[in-house]
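Trainee: Chains P and X are the protein sequences, given in the same order. One point on numbering: in this note's numbering, the residue at position 83 of the first sequence is 83, and numbering is uninterrupted. One point on numbering: in this note's numbering, the residue at position 33 of the second sequence is 33, and numbering is uninterrupted.
Hints were generated in silico from the structure; no laboratory data involved. Cβ atoms here follow ideal geometry from the backbone N, Cα and C, with glycine treated the same way. A portion of the hints provided could be inaccurate.
Unchecked claim - Stretch by stretch, here's where chain X covers chain P in the computed footprint (C-beta under 8 Å, at least three residues):
#1 65 to 75
#2 82 to 92
Unchecked claim - Now the in silico label distances, taken between C-beta atoms and shown as ranges:
#3 P:VAL42 to X:ALA113: 33 to 39 Å
#4 X:ASN213 to P:ASP23: 41 to 47 Å
#5 X:PRO234 to P:ARG40: 48 to 54 Å
Okay, here's what each chain looks like letter by letter:
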Amino acid sequence: MTVRIELTSRLAEIAGFAGDSLDVSSPRTLRDALIAVEQRLVCGSGSELLARGRLHPSILVVLNECACTRADENVPLRGGETIRLMLPVAGG
Amino acid sequence: MSTLLMEATDRYRRQKLLPWLDEESQERICRSSVLITRVGGLGGPLAQSLAVAGIGQVVFFHEGILGEEDLHRMVLMDPQGLGEDRAPQAADTLRKWGRPGFRVNGFANRITAQDAARWMRECDLAIGAAPTYEERFLLNDAALAAGKPYIDAAMYGGEVHILCVDPGQSACLRCLLPEEPPWRHDFPVLGAVCAMTGNWAALFALRILAGTNQVPWGEYLHFDTDALKLTRTPIPRRADCAACANARRRRP
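Isolated chain P (complex conformation):
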């Protein structure tokens, strides 16, 4: 079983990837999914999206259409769920 991780366009552009998946056959939490993303960012072109080793606080983490805060990161994940990472934009 997997959960899908999606990045919105601007975020994907900086990160260098548009999405990922996480195996949740064994218990996984939202924090586990975010760690997987953070590890990809450290190794790739998206290190500016990290602050103090973790996803930048401006990145909105949305699990099943609900915005999550750091307090929600111990939520267990279930197969088929989608985590969206959204970076609010600036331009006009």
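We have chain P; now place chain X onto it with these hints.
Mentor: Then chain X, alone, in the frame of chain P:
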């Protein structure tokens, strides 16, 4: 019948066919003032839509000189005005579209905290349409301090972003962005996406000014025009938000 209403009856008859916009609502719009930071690719169509809908006053701050690269999206500017201040050009264009008695106060400087505080005493609503977080945070904070609504509008490439803030009730821009995100000045931009974003903000502004509560308060609206995907994400208020934790609620 007031002169204002007589004028509104003629010019705005078609929009008063909308279920949420009756004669009383139109009068409210005609008496309203809005403060906007920047009237470029996004703020320009936004301001123009407010003007043609009959708003009473637009106050805006927009620094800078008109350049060739602005002409593909800044519809309030004059193509003959290259090399000149943008603000007077935008003000002149807006005045042509407003109703008799419509007022425009356009300032050719970047908005300051003092500007925002001064004008939020007079204006009913603030809209951030600037490509800088500094200006958007500033306007968010000033609107909340005044107990007035704030609409945050932005775009980047094919992405659209809108957040409507109800002071003291919904999440604000600082709840959404506790720290300023990574930002690139030369953002990719198409006039059509700018105009769409600005007009969404104008629509919500007009609904607020008309007195309806049919506004997605505190929801982060994100529209990906490439994937044609719209998401609405309620944003939780931060109990320790420096801007909105103690904000006054708006008057009904």
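Trainee: Does each hint fit the structure? Answer for all of them.
Mentor: Structure-based check of all given hints:
no., hint, verdict
1, 65 to 75, "holds (count 4)"
2, 82 to 92, "holds (count 8)"
3, P:VAL42 to X:ALA113: 33 to 39 Å, "holds (37 Å)"
4, X:ASN213 to P:ASP23: 41 to 47 Å, "holds (45 Å)"
5, X:PRO234 to P:ARG40: 48 to 54 Å, "violated (28 Å)"
Going down the numbered hints, you'll see the structure goes against just number 5.
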